[in-house]
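2 protein chains.
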Amino acid sequence: MLPYKSLIQLNRDSDVSLYVQLCNSFISLITDGTLQPKDVLPSTRILSELIGLNRNTVKLAYEELISQGWAESVERKGIFVFSKLPVLEKVHKDLSMKSSEIPEKSFLWTNPFLDRKGSDNFQQSVLTIDDGFPDVRLTPIDLLMREYRSISKKFYGKNFLKYGYPNGSEHLRVALCRYLATTRGLAVDPQNLLITKGSQMGIYLSTQLLLKPSDYIAVGTSNYHSADEIFRYSGAHLLRIPVDEYGMDIDFLEVVLKHKTIKAVYIIPHHHFPTTVTMSMERRLKLMKLAKEYRFAIIEDDYDFDFHYNNKPYIPLASIDHNRNVIYIGSVTKTFAPALRIGFMIADPSFIEAASSLRQLIDKQGDSLLEEAFSSLFNNGEMERHFRKSLKIYRQRRDLFCEILKTDFNDIITFKIPEGGLAIWSIFDKSISLSDLSQKVAKKGLKIADGSFYNNEVFSPNGLRLGFASLTPQEIEQSLEILRKNI
Amino acid sequence: MLPYKSLIQLNRDSDVSLYVQLCNSFISLITDGTLQPKDVLPSTRILSELIGLNRNTVKLAYEELISQGWAESVERKGIFVFSKLPVLEKVHKDLSMKSSEIPEKSFLWTNPFLDRKGSDNFQQSVLTIDDGFPDVRLTPIDLLMREYRSISKKFYGKNFLKYGYPNGSEHLRVALCRYLATTRGLAVDPQNLLITKGSQMGIYLSTQLLLKPSDYIAVGTSNYHSADEIFRYSGAHLLRIPVDEYGMDIDFLEVVLKHKTIKAVYIIPHHHFPTTVTMSMERRLKLMKLAKEYRFAIIEDDYDFDFHYNNKPYIPLASIDHNRNVIYIGSVTKTFAPALRIGFMIADPSFIEAASSLRQLIDKQGDSLLEEAFSSLFNNGEMERHFRKSLKIYRQRRDLFCEILKTDFNDIITFKIPEGGLAIWSIFDKSISLSDLSQKVAKKGLKIADGSFYNNEVFSPNGLRLGFASLTPQEIEQSLEILRKNI
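Sequences listed follow chains C and V, in order.
Here the first sequence stands for residues 39 to 525, numbered as in our numbering.
Here the second sequence stands for residues 39 to 525, numbered as in our numbering.
Hints may contain errors.
Because identical chains share one entry, a pair is satisfied inside a single copy or across any pair of copies.
As the list claims (entries may be wrong) - The calculated lysine-lysine pairs, modelled on DSSO-like cross-linking and capped at a C-alpha distance of 27 Å, are:
| id | residue 1 | residue 2 |
| --- | --- | --- |
| 1 | K427 | K191 |
| 2 | K330 | K478 |
| 3 | K481 | K523 |
| 4 | K444 | K115 |
| 5 | K523 | K430 |
| 6 | K250 | K301 |
| 7 | K250 | K481 |
| 8 | K485 | K330 |
| 9 | K523 | K454 |
| 10 | K430 | K468 |
| 11 | K97 | K330 |
| 12 | K427 | K481 |
In short, the hints are calculated from the structure, not lab data.
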């Protein structure tokens, strides 16, 4: 019998229960070849005495080993290492090494890029003022399920389960072309359109195609953090252009262009992130003139076009782009549900083809089932009905949120009522530490960001995007009361 | 009134129907600012006379314009450009340019990589001998729908629709850990595991993390084409190592290692692509020794582990990797359905963390709903039941396919019965042109590849992977009869 007493090390102070620890010890003995298939395990009585554990704990561990397929019980003979496990042939013995010999991880990867920041952990708390997320409780999930069921029955030979095209479902691309023409005067063909996984993938793909290491890309002094990360990952240099109440300062950009070759300009003209500023028509036109003159691409991120509370939003730059150097990026994730990641990229067909090729390298294709379902929801009008319905609700929430901010936070928070989008760009009084505040209110059951997500090397406004859309009126009142009481 | 006769150019030889052409002409006039919101359109009578079209065609075009939201009908007054369209302010006039001035596309992108090759177009034909795809008619789509319905009702606050984690559903990661431990002795924690979109994304992510431009990666002389493309896209150089009946020639690799610094070795040890060869245990062990000595990473692509028709498959290298320099890549797409893209990458936690960060840059996260559903299917045993069921069916199909090949193609095709996987690596007699053959059988209703997918700069075997899994016995007989008759 093996020297189990020394082989099995248990930690009685651990959170992991003893039977799980024992079970894991046996798995290690099997995977490192100490125990081979068909080897017998010691009886529960003997082992429990040897290592000083209750016999029931040993039994539990053995049951777990059996249920996980590591061991099997042979009647009247005992418990054995599962005979059908792949044979290790004790190979590891030659390779066995102490943990100190484990190579440093640094040799394993060469691109240690930025830490993950952001809003991932917002999802668990009960009351959360997020960054401008939609309220998924409004998502018509039943309609989606209906489409799923109907598609799963409808298609001959289950073609939708086979490999699809990297540029996405033809049905959805046609439906989106109609939708984009209607909503924003964007007259494009399906060949101008690639279905992406959210706007994130659109930014990633266009960046990879446009930028080489050491190229320059112009972005706002304040900018969408994740986009900045994508640009940096490509090895490009970021040139920061000031952003004021009319959007990016295009006169400033023009001066820079005289000295540097810029490959692309990234803008969020509809509602700049984080400040929600809309770029003026004058600047848009000048930017497009410059793009023609200096031959750079414009990445137009229009992720929240669908959320405008006034009647006439500006048409996107892409809709008046007769030079074909705008790459237009949009998304349905904010309008339907963040986890159902459907976005799109619109550009010249040759650019779309290159982007599709790259997309194929990355993950071959999107989710055909979801894409087909979304095309039905667009075609039968349910998608727009949902947009209109949620827009109405979000407008009420925006108005309530702004009203309370104005009444109760007048001395503390500076903001403008946003014409669109799902968040209010709120500058806090300098005396308030957002990092302290977020910790303080967390203890009272309210999650808010600490503001670091919006900061960069030239921008630290002591500001937060206060998302109003994902909270009911009652939740807005509760949240803001907690916030007010803790400032 | 505008000079419609010259503004509207119709092509009577086009496949596009005239009313659609007319409709598109109006959309262009609106988006280029010639027609402004609230402008009146000419009456159908006048326009039909002006441009010499049937009045009903004009009516159809106007109806289309109205239904698409470009125009509106005002009772007793006529048809107008939709008043709520965003105002263009005739801005484009300053920018208008002839199509000859459209900048060359080359300035738009800097990474014109390889053409798309491959098996995309396999999906439409009735009879297809593919590359080794599963039969999606066996996919238990109803079970998936049941899980979708249950999840869509179960989760409080529809959390599964909110933003999720870039490394994937915790439930699915736990379920996969259990599954991998049971099936291949791979004892890992959820923190070692990243859910990807198919194995493709696993290869892409690990390549991006491991390889810098001009680094070397070792691959087989024959190799999975898409993987080669991913490596090339990173800017790395491919070093081709011979592959024989025991897999990659590791002695050869050792010689190369003495002269070149290699960052990574990419292998498909279970069934090499395209040849389906299994790497011998001896070579596996030697490869792992070399990895330790020369400090390179091993990318182990094990996309079809689940398909082995003999009892004891070799355990993956990752299961005996005590150095932590194996990156193990697997997939459920081949076992469930290609379009439901769930794969996984297993590595050291720090590598997984870096890969998750990169994944977040690319597309933020996977499909939470699908991931949750898959975790249920693993936990309730349905997934393994499906695997076992389809494995049995595929074995019968393999046997039938091989039997016919042996009987009817003995003089033409050289092959070995594959121990696993979904395809037979078939070398055709030199006298046969696969390109001609594929064109010839296509006319008889059978789609086969022309073999170019398997070729590369050092490998052109006149071979095909003949996928047997996606065809019923009857379809196998039909397909092979067509093939036989046309050789």
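Status of the hints after comparison with the structure:
1. For the homomeric pair K427 and K191, the shortest alpha-carbon distance between copies (22 Å) is at most 27 Å, but the shortest distance inside one copy (30 Å) is not.
2. In this assembly of identical chains, the alpha carbons of K330 and K478 never lie at most 27 Å apart, being 51 Å within a copy and 49 Å across copies at closest.
3. For a Cα distance limit of 27 Å, the shortest separation of K481 from K523 inside one copy, 13 Å, qualifies, whereas the shortest one across copies, 77 Å, does not.
4. Neither within a single protomer nor between protomers do K444 and K115 lie at most 27 Å apart by alpha-carbon distance, with minima of 78 Å and 46 Å respectively.
5. In this assembly of identical chains, K523 and K430 lie within 27 Å of each other by CA distance neither inside one copy nor across copies; the values are 30 Å within and 66 Å between.
6. Taking the shortest Cα distances, K250 and K301 sit within 27 Å of each other both inside one copy (9 Å) and across copies (22 Å).
7. For the identical chains of this complex, K250 and K481 are neighbours neither inside a copy (46 Å) nor across copies (45 Å), given an alpha-carbon limit of 27 Å.
8. In the homo-oligomer, the alpha carbons of K485 and K330 never lie at most 27 Å apart, since the shortest distance is 46 Å inside one protomer and 46 Å across protomers.
9. In the homo-oligomer, the alpha carbons of K523 and K454 lie at most 27 Å apart inside one protomer (22 Å), although the nearest pairing across protomers, at 76 Å, exceeds that limit.
10. In this assembly of identical chains, K430 and K468 lie within 27 Å of each other by CA distance neither inside one copy nor across copies; the values are 34 Å within and 69 Å between.
11. For the homomeric pair K97 and K330, neither the shortest alpha-carbon distance inside one copy (75 Å) nor that between copies (39 Å) is at most 27 Å.
12. Within a single copy, K427 and K481 get their C-alpha atoms no closer than 35 Å, and across copies no closer than 52 Å, so neither meets the 27 Å cut-off.
Checked against the numbered hints given earlier, the structure breaks hints 2, 4, 5, 7, 8, 10, 11, 12 and satisfies all the rest.
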